[in-house]
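Trainee: Same order as they appear, the protein sequences are chains A and B. Numbering-wise, my numbering puts 183 at position 183 of the first sequence, and it's gapless, one number per residue. Numbering-wise, my numbering puts 19 at position 19 of the second sequence, and it's gapless, one number per residue.
Just so you know, these hints were derived from the structure itself, not from any lab. A couple of the hints might just be wrong.
Said to hold, decoys possible - Here are the simulated lysine-lysine pairs, DSSO-like style, with alpha carbons at most 30 Å apart:
1) B:235 to A:235
2) A:81 to B:81
3) A:235 to B:81
4) A:81 to A:235
5) A:81 to B:235
6) B:81 to B:235
To be verified - Covered by chain A, according to a simulated footprint, are these stretches of chain B (three or more residues, beta-carbon under 8 Å):
7) 109-122
8) 201-215
Glycine is no exception: its CB is placed at the ideal position from the N, C-alpha and C atoms.
2 protein chains.
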Amino acid sequence: MRNASFSAVNRRAISARRLRDLLRAEILRNDHPQGTMPSETELAARHGVSRNTVREALALLRREGLVDRVQGVGTFVVRHKTPHQFDQVQSWRGGGVHHEVLAMEPVPAGALVAAALGAEEGDPVLLLERRTMLEATPLALWTTYLPEDVGQRLQEPGVDLSGDFYDMLEGALGTHVAGVQSTTEAVLSDGDVALLLGVPESWPLLLVERTVVDVSGRVVEFGFGRLRGDRVSLKSWRGRRETRSCPVPRAVAG
Amino acid sequence: MRNASFSAVNRRAISARRLRDLLRAEILRNDHPQGTMPSETELAARHGVSRNTVREALALLRREGLVDRVQGVGTFVVRHKTPHQFDQVQSWRGGGVHHEVLAMEPVPAGALVAAALGAEEGDPVLLLERRTMLEATPLALWTTYLPEDVGQRLQEPGVDLSGDFYDMLEGALGTHVAGVQSTTEAVLSDGDVALLLGVPESWPLLLVERTVVDVSGRVVEFGFGRLRGDRVSLKSWRGRRETRSCPVPRAVAG
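Let's have the full structure, built from the sequences with the hints guiding it.
Mentor: If you want it as structure tokens, here you go:
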């Protein structure tokens, strides 16, 4: 299968794939707010392709779970994604989003966590496991580690862990978060991740490793989040020539 | 399955998942450069968990395709990811990465592409389809649309489309790229995407929609990239309180 070129691909498949991308972008933009897609005939005319190509593109969207088709009635948008502004560091805000604490317990730091947090191996750190919910629907599962003193402040009575995580962290720290170094991957759900996120096994997920740094350059959180691919999209702006105005702290550079 | 809580999850499954995250982060950091993972006994001692938990974590990693186990010999890292610096706008550089042009042809702009590029519906735009290769391995497939004049300059003789895309674009434009607005999702491979990326169907992919803006605020490219989840990770730094120093151009804000 390696190195297949266009010669190996059906011409209609190529057109269907291109149309699928355009239609799914429209769906994500909420261009079909009533939830009904235009008819096959209309889509074919509008995009200058055959009805067979439209049918194939809609089949790809249905397979992805973004639309459903009712024979003789039409095609409906069945799922929207929650866009998350990824430019600025913040938790999801508003719209029924809250965080459930699944676990909060001191654990000894392994080598990786110790190195990330600037602690010694075996030092106690706080393991924090949270689930981001959109009303009753899980959006994300976070397993993170915080330095002992930060963790202790988070465990004090009156600290609300269900709202904006960074506001809460800054309140507990008494300092500002400078930013987050993150690595984003695409993976499949498996094991208890599938169970906790309410998705089948082998469901697409965004896996985000993140290192949160405060303005003094100290790492105040390190860990992993798994975000449901069918429910979340990450929006961000990247500049091309702004290295000097948006410096990466030395703590996470390199 | 919805709203399962920890009570529904086996305690060992939770520990195995947490250990899996730490081990996969070590693999991505290349902490096991010889490609051999420590023994189960060593991993159990190092992480303070049972050998059964280690076995379950390694099984999750194997299922993900990051390690392989040889009975009686050990566990080996079989796949590394290519990290892509996502902070600054650039193509992959060095290390045998190049771009293959799969298609380059004028097409009439549909409503979405016309709106994105600031063109009229039906205006000719350039469809550009490229595949990012790491030597003989496909990393990503890009289907993008460029304004007609930009497209014409890219098609002039002597323009090398196989190297850094943004350098090439700036050379052709005679202006600088200001940045890129992108939306990142996790999806599964299907249809000819799987064929062209050399992966099975239902393989995890990063789907990136991007809008490239030059320093005058003009959109000079709009389109979609699919990046192999097993091969690519996106690294980026996000600031928390730097809105003023890293402004998002009006063309893509909101």
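Trainee: Give a verdict on every hint.
Mentor: Here is how each hint holds up against the structure:
Taking the CA atoms of residue 235 of chain B and residue 235 of chain A, the gap is about 14 Å. The hint holds against a cut of 30 Å. Straight-line distance between C-alpha atoms of residue 81 of chain A and residue 81 of chain B comes to about 27 Å, which keeps the hinted pair within the 30 Å bound. A C-alpha spacing of about 23 Å is found between residue 235 of chain A and residue 81 of chain B, which places the hinted pair at or below 30 Å, so the restraint holds. The hinted pair formed by residue 81 of chain A and residue 235 of chain A meets the criterion: a straight-line CA distance of about 12 Å does not exceed 30 Å.
Restraint check for residue 81 of chain A and residue 235 of chain B: the C-alpha separation of about 23 Å stays at or below 30 Å, so the hint holds. Of the supplied pair hints, the one linking residue 81 of chain B and residue 235 of chain B holds, its CA atoms being roughly 12 Å apart against a limit of 30 Å. For the region 109-122 of chain B, the assignment as covered by chain A holds, since 4 residues bring a beta-carbon within under 8 Å of that chain's beta-carbons and 3 suffice. Counting residues of the region 201-215 of chain B whose CB lies closer than 8 Å to any CB of chain A gives 5, which reaches the minimum of 3, so the coverage claim holds.
Taken one by one, the earlier hints all hold for this structure without exception.
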